[in-house]
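Enquirer: Spelled out, the chains give:
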Amino acid sequence: MIDLLMLILDSPFLQRALVGAFLIAIVASSSGTFLVFRGLSFMTSGAAHAALGGAALGFYLQATGIAPWFDPVIGALLFAVLVSVVTGYAGESGIAEKMEVAVGVSFAFSMSFAVFLMYYIPSQDVLRIWAYLVGDILLLTDFDIISLAATTVILVFIMILFGKEFIYVSVDMEGSIAHGMNARAYHYLMLIISALAIALATKAVGAILVYAIMVAPAAASNEVLRSVRSVILAVFCIALLSELAGISLSFIIRVSPSAVAGVIASLSYIAGLYVKRARQHVGLDELEKELEKHQPSLTPSMPPSNHHHSH
Amino acid sequence: MGRQLMMEANDLAVRYPNGDIALHDVNFSIDSPSFTAIIGPNGSGKSTLVKTVLGLLKPAKGFVKLHGYDSVREKNRIRKIVRYVPQRDHIELNVPMKVKDIVLMGRLLKKPPPRFSTSKDRNAVIAALKQVDMDDLWERPFPELSGGQRQRVLVARALASDGSVLMLDEPLAGTDSHSQDLIVEALGTYHRENDVDIVMVTHDLNPIHSYVKDVLLMKNTVVGIGTPCDIMDLDMMKHVYGPTARIVEHSGHRYCITKDSGFDRHD
Ligand SMILES: Nc1ncnc2c1ncn2[C@@H]1O[C@H](COP(=O)(O)OP(=O)(O)OP(=O)(O)O)[C@@H](O)[C@H]1O
Ligand SMILES: [Mg+2]
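For the protein sequence lines, the chains are D and L, in the order given. If you read the first sequence in the numbering used here, its first letter stands for residue -17, the second for the next number, and so on. If you read the second sequence in the numbering used here, its first letter stands for residue 6, the second for the next number, and so on.
These aren't lab readings, by the way, just hints derived from the structure by calculation. A hint or two may mislead.
Unchecked claim - Simulated pairs of lysine-lysine, PhoX-like, Cα-Cα distance not exceeding 25 Å:
1. L:Lys243 <-> L:Lys218
2. L:Lys63 <-> L:Lys115
3. D:Lys80 <-> L:Lys63
4. L:Lys66 <-> L:Lys224
5. L:Lys103 <-> D:Lys258
6. L:Lys224 <-> L:Lys243
Chain L with its partners taken away, still in its complex shape (with noise of 0.2 Å):
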């Protein structure tokens, strides 16, 4: 097999109704497989560019596609390919849904109705609550979990889902060190273990530094895009991030340190 794009973006421009121009001149590519994080400060577009992926925004200008297949003439093929979780402040906690159906949802939402669940389901969903440790909780309702409980059950409904791609906004938003490091952990065996790319957007790379293999640092528009340490570059993050930034290295790695994240995870 010869080198597959996981994702690339030409001239890609995206605004919103309201005018916004959250992103421009996007031009990028990534091979497969990846595991992806996608960094930059609040407001950068991080998130635009992935619902731009997944065809839940359409572009302005230029394209962006997922392993060969544009967002929007082929979302259809995206969205079976994919297993999205989206900013933890986009579920709607009103419903008394158990954690067990919360992540049977990702593997059922990729069958035709009536959707029934197999016994093979519901394995996977053991299987997945297992691994972000989160399976004792399984009969509970989900809007009674903790904020770090809630992303770990959604990343677990990834895990068990189907699919080629695992894409997630901001999965270690909220969460303190023993679930980012469950949610890490999990994800970075998973990537190991399988045929898969995992694109995650992030706060902050450090607690994944050694995961990842290809970086897109964002300020609405790719300002930088390489390894980790490339990435760590004093003056990209600077630009971004502000004259707060710093970078230091650790144990053969770079971290860069910026105001909002605290560097005691990494001593």
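If we strip away everything but chain D, and leave its shape as in the complex, we get (with noise of 0.2 Å):
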């Protein structure tokens, strides 16, 4: 216990980790739980593997010379809001299937933009547009870490503000609209500064682990639990928890952390399908049990038996 706390004390980049990790669960449990109940799990691949187009623009932009100043973070954040604006442009009627189609429409051009530039730029440079897509939670740097927990507290201050209004606008975006709200505003609200928070995530731990770790949990959560509030919790723990495992076992034996992380959150859905399947069946049981023991006393004077419901 001490060694592993003069470990963490002695390494700093395995306390960037930590604390890239318990921002990223963050992210995951705000954005990527309200991404869900939208119906746009699939923004989140697409903001994360638009960050990865937009890095190879800067990448691009800065080896030959044209700008050197536009780091490939900008062009990473540039492109991921691009993404979120053209899907919420398409969902404006609040039908979520439409924006599905706008989120693979940005997702394919931005690929096909990174690979298209990457003819023109340095080979060691294509190596780092490549590690947008997997990542290595234990190489972020201190800027890495400081723009990710900025973003992460603007996110989180206006999830506490908005969370009613981002709900209303997922349940019901015509009622909203007609009851005065300015839903539309709130709906871009919401898709851009995820998809800012999805593009620094993606920095920290690649486009794949990014879309593991925000959508599974959400997904398996979403599945199994029954108030917004403990869905928002579960996220949080199942994302802390898959990293911390990713990363402690990193140090065991020879694996990416991410790469661990990835598998269990994705994991954590098919775990939430399985306990939501299992107490289908566990209610049945207990419905048969009940409707036994009640069986020889059918009778009249009986009172209606009681339908509570436990949370």
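Take each chain as given, in its own frame, and dock them per the hints.
Expert: The following block contains the structure:
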């Protein structure tokens, strides 16, 4: 135990990894949850891969000297926001299916764009572009942590302030507008701030893991849990635990922490489906027992059976 | 106070982006207070009319007003006085929102952010849920209710809210006769005891026949307007619903029977 603490105190990269894991778990429990509520989990993937395309543009502009000031992170943020705006535009009517297509198209566009530019980028930079795809939480820089932390703080602040509005937009866009709420503004606000957080998280852990961490726990919790608050909390726990497991395991055996975290997070979704199924069976068994118990005494004098629901 | 118009339309036409003309040459006016039913077959433009009144759709031609407010220029005024329940399938079931929070939504949407709920709001929610006999299930997640129960909760959302016009798009869709009676009774009582207008889109006039004051019969335009008994004209019904339409009289009221509405509940 003491050894572990010493190790953490001694290695700044481990500290950064832990802070990063914590921040990403927060992003997952806010943006991830709301995107799943909105029926838009795919946008996580879209924004993450767009970030990759944007980063490629940054490397290209820097390598060719066209715009040396254009940091790849700027490109990543810009492209991710672009995806969220296109998605939001397609979904202004409130229909989630339409947004799904918009995400797919932006996804394809940014990946093609990235591959296109790779022909003109020096090969060491190409490797850094691929890092956006797989990421490595143990290689985070101070700048990564600070930018991710700043975005997370803004994200949490906005989610606390406008959580109700985001839920209303997800549940009943038309009704919200008809009651005088500016649903369009909240619709875009949620998508844009989520995209920013996703882009920065992508830099930290890679596009594939971002999708696994942001979507799988939220989808799993939404299958099993029965209130908005408990879903948010569960997502935070699942995301954090899978990341910590990844980091810990990478010290014991030679594995990529992101890969482990991604696998565990994805498994949580399957576990969620299984729990839901199992619960249905338990429910049926109990019902049968209940019926057997009442069978002999099913007379009019019996009080009606209690349909009480546990929470 | 002089005569006030609840709703009026003048030369109204509405088309969708794909070019479909959903409404054309719509002209009518209805006095306030009123319990109005908008009836007509599928695709006859009932929802379109309601959405246009709320400013969710823009007229291609003409105008429609609610309490004197133009649906385009004064839509913010309209949205202050209206309580709207969309057609049930427009409610997304992906969010595990509690029943009480769905009902509370009707009140909180009328407030500016951060939309905190007061004890007055919560009392109104309970009272409204009682009226539709859903107060036992107020802690349940909304997506776990049956279709008819959801419909009752959405009606409670309108009852709990503030605003002088209730607009409900097919609140009776997919309900059994028990839910139907609860909803109709709750709305009828609310209309009688409060100074509100109720506009209700429905497939079937029969269950609300005795509560309704004005009826708009639609088929992409207003085919008829009048009291429920006026509207029950055989030629008009045949024009709208096809040759299977029948009119029957029962205890002083006329009922219309089409293929899709049985008359067992009016025995
Ligand atoms: N989003 C849309 N885009 C294009 N056309 C539409 C759209 N919504 C409705 N329409 C068309 O407008 C017409 C009127 O539709 P509307 O939804 O108003 O009918 P309705 O009377 O409410 O029908 P229902 O009883 O099925 O609810 C229909 O012909 C329909 O095809
Ligand atoms: Mg309709």
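Enquirer: Broken hints, numbered, in rising order?
Expert: none
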